[in-house]
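Visitor: Quick mapping for you: the protein sequence lines, in order, are chains A and B.
Here the first sequence stands for residues 1 to 334, numbered as in my numbering.
Here the second sequence stands for residues 1001 to 1530, numbered as in my numbering.
For the record, the hints were derived by calculation from the structure and aren't laboratory data.
Take the hints with a grain of salt, since some may be wrong.
Partner residues are not named here, just some residues of chain B that face chain A (Cβ under 10 Å, in silico) [said to hold, decoys possible]:
1. 1093
2. 1372
3. 1396
4. 1475
This one's a predicted model, so the numbers in the text were calculated from it and none came from an experiment.
Ideal placement from N, C-alpha and C gives every residue a C-beta, glycine not left out.
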Amino acid sequence: MKLASVIVLASLAAGAAEAQELNLYTSREPGLVEPLLAAFTDSTGIKVNTVFLKDGLAERVASEGESSPADLLMAVDAGNLADLVDKGLTQPVESEVLAAAVPENLRDPGNQWFALSMRARVVYAASDLDLDAITYEDLANPEWKGRICIRSGQHPYNTALFSAFMAHHDAAATEEWLTGLKTNLARQAGGGDRDGAKDILGGICDIAIANSYYVGLMRSGKGGEDQKAWGEAIKVILPTFENGGTHVNISGAAVAKHAPNRDQAVQLLEFLVSDEAQKIYAEANYEYPVKAGAAIDPIIASFGDLKVDPLPLTDIVKNRQQASELVDRVGFDN
Amino acid sequence: MIAGLVLVPVLALGWQAAQGSDGLWSHLARHVLPHALAQTALLMAGVGVLTAGIGTGVAWLVTAYDFPGRRMLEWALLLPLAVPTYIVAYAYLDMLHPLGPFQSAIRAVLGYDSPRDFRLPDIRSMTGAILLLGLVLYPYVYLPVRAMFLTQAANLVEVAHTLGTTRRQIFHRVALPLARPAIAVGVSLALMETLNDIGASEFLGVRSLTISVYTTWVTRSDLAGASQIALAMLVLVVALISIERWARRKQRYSVSAQRARPMARQPLAGPARWGALCLCLLPVVLGFVLPAAYLAVEAWERFRFAGLSPRLWAEAQNTFVLSALATAAVLACGLVVALAARLFPQRGMGAIHRVASLGYAMPGTILALGILIAAGGLDRWIGRTARAAFDIDPGLVLIGSGLALGYAYLARFLAISIGGVEAGLTRIPRSYDQAARTLGHGIGSTLRHVHLPLSRAALAAGGLLVFVDCMKELSATLLLRPLNFETLATHLYGEAARGTYEEAAIAALAIVAVGILPVILLARVGRAPA
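Work out the full structure: start from the sequences and follow the hints.
Guide: Written out as C-alpha cells, the structure reads:
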C-alpha cells in the first residue's frame, strides 16, 4: 500500500526537473495569482509550479530548509512578509527595475521583499448616510455607538490597521481607541469584509471597516447579482489618520533564501511590476497598483484620490504583536 | 511502532513549545483564557448533550420500531457526515441572514419592506454554534450506537420483553446501559471534532481555545506559544478520555456466543408512526437537506453564470485517490493496534493505544505543523546524505511525494479506525480466540478466519468514516501537499479565503457528492451485519 501511494503521489507531483521553470509558494489565493502567472508564462516561456499555502508558508519553507524547492514566496500583508525576513527565509534582490517601480515606503529597506499591489482599509457607509469624510480616530466616537461592522480584530487586515494607529499615536491611546471602537460595534466582530456591505444592506450596521478591492468585486457583478446589490447599497469613504493619510496594506513577494531558480524568480518579480502585470492587478483584482502612473480600475478610482499614509510599512508592522495583544486586552472579539 | 508514529508530531510540538515564549501565559491567563475556556466548555457541553441525545434517540427509533420511511431514514440519518462543518455554517449564515430567504419570507408575511424595520437575532452566537455542530456531528454517535443495538440488543431485549418490561423501560434499563461504550466513543469523536473546529467557530464568532492557538501562531507569529497552548489542550483531552474509560473500567460488553441478529421491530400505529418519522426527519433535514439544497441552488446559479471549471474533475480525482490510499493505510494500522491491544492486554498496550488516539484530539493545523517539522527535518537529512554519498539531489522525498500528507492523515484519523476496529472486536467473545488457538490457528490465521469475518461490518464502517474525514480534511492537506496538487477542499478554501464563496459552491457540492457515496455504503454495510 505504502509503495502504491509513493508511486501514485510521486507521479502526481512529477515535473520538477525541466529547465525553464520556477516554484512559487503563495499565500495569495490561486484564483488571484493565476492570470498573472499565465501572462508571465506567455511572455517568457517559463513554467510556474505553485503551491497555495495559507498560514503555514513560513513554517513550511523553514522546515524544508536548504532542500526547499521554493523560489519565490508570495504573501498578503506586510506583517507576513516581515515574518519571512525575521525567520531568515529570504534573500535580498538588487534590481533597478524593482527599485524604480516600487516606492520606498512599500518595500523592505534591505530589499528583502517588494510590494506588488496595494489595498486601502476604507469605510463603507450606507449610501443614504450623511457622511462624506471621516478619520480613523473618529470611529471610536460615541456617535457611532452600535453602528459599526468589522471582521475579527485578530485578522491581519485589522491588526495592521491597529499597528498603524499605534505608529501614529501610542499604545495607551490605541487601547482607549480600541475600547471605543469595540463599544461602537453593531454585532460581534467576525465574518469577512464583504459581510460589512451585506450587513449594511441587511440593516445590521450603518458603516463598516473593510478593504477597498471588495467593492470592485461586488459592484462589477463578478460575484453575481446578490453581491452587486450589496456593493450598490454602500458608498466608500477613504478615511485618513488625523496627521497622516489612508492606511494601506500590500501584497508582495520575496525571493527564497535557498531558491534553486533564483534568476527566474527575479524575472517573475520584475514582470509583476511591469505595466502589463500592474494592469492585471488593477483590472482582475481591483487593487491599487504600486507603480506610479499605472491605471486604476474606474470603480476604485471613483472613491477619490488615495492619499497613502506616508509611514513606512516596516515601521507599522513592528507593532503587530503588541496590537494583537491589545485586541485581546479589550476583548475586541468577545 | 504505529503509536510512535503518532507521537512524533507531538514530540516535535513539544520541542517547539520548549523554545519558550516570553510572557505569553500571563497575557493569556489575564485576557484570553477565562473567556476562551468558558466558551469552549459551554460549546463542548452543548454539542455533547445534543449529539448524544439525537444520535442515541434516532438510533433506538430506527432499530426498535417500524414506521413509514424507516428504511430510508436508516441511511439518510448518516448524510450530515458528508458535509464539512464549515460548509454547513456558511450555508446557514447565508440562509438566515436578514437578506436571506428565511427572513425575507418572514418580512413578506409580516408586511415589512426593509430589514431595517424588522430582523431576527443574529445566528452568530454560542447557541447557533451548538445547534449547528450538534446537527452535523450527531452521526458520530448514531453510527456506533445503532451498530450496537443491531447486533447486541436482540437477545437482551427479548429476554427483558419476556419478563414483561415495556419498550420504553427496555430502552432505559437495557439498551441505554448497553450502548454506553458506543455513546462514549461517538460523543468523544464528536467532541474532538468540535474542539478542533476552526472554520465553523470562526464563522459563528465563537472564541474557543483552538482559535486562541491559531491567533497566537498566526497573528503573533509565536509558534512556540501556540504549541504550548495546544499541548495544554491535549492534556485536557487525554484526561477526559481517561476519566471516561476509568468510569466503565469494570464493565464487559462482549455478550452472546450466538450469531448476532437484529431484534424484531415493533410496528408503530396511529400518530406515533408520524411522530417517529418527523423526529427522525428533523436532524436529516436540518443537518443535511437544507444546507445541501442551498449549495445546489448556489452551485447551479454559479454554473449558469460561469460554467464548470475544468480543474474540478482533476481535483475530484486527486481527492478520491488520496483519500482511498490513506484510508487503506489508516485502517490497516488501526487493525494492528486494536488487535495488539486484544492479544496482549498487558498494561503497556492500553497506554500505547491511547497515545495512538492523540492525533485526533489535536487541532488539525497544529498536528500538521508537528508533522511538517518532523518530515521537513527528515527530508533535509535525506537530502544531505544523498548529496554527500551519491552526489544527487533527491529534493523533498517525503513532502514532495505526498507521503508526509499520508502520514498526517494516518496520525490524525488513527483514532477513528482503532475505535471502529475495536467496536467490532469487543463483540467477539475471547472464547473464540481461545478456541481458534486451541485448534492450532496462529495469530494471522485467527485474524483471517475469526476476527476479520466477524468484524467486517465494523471495519467497513470505520474505513468509510476515515475516508469521508480524509476527503474533508483541510488544514493538513493545505500545509503538506506537493506542488501543483489541489484537492476539492483546498480549492474550496482558496475561494473561501478570498471571500468568493460563490465560486466555491460547486467545489463544496462536489465534496458533499463524493462524501455521500461512502455514507450510503456505510448504511448498507450496517444493515446486513456479517
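Visitor: The structure should be examined with respect to each hint, and the outcome stated for every one.
Guide: Against the structure, the hints come out as follows:
no.	hint	result
1	1093	8 Å, holds
2	1372	5 Å, holds
3	1396	6 Å, holds
4	1475	9 Å, holds
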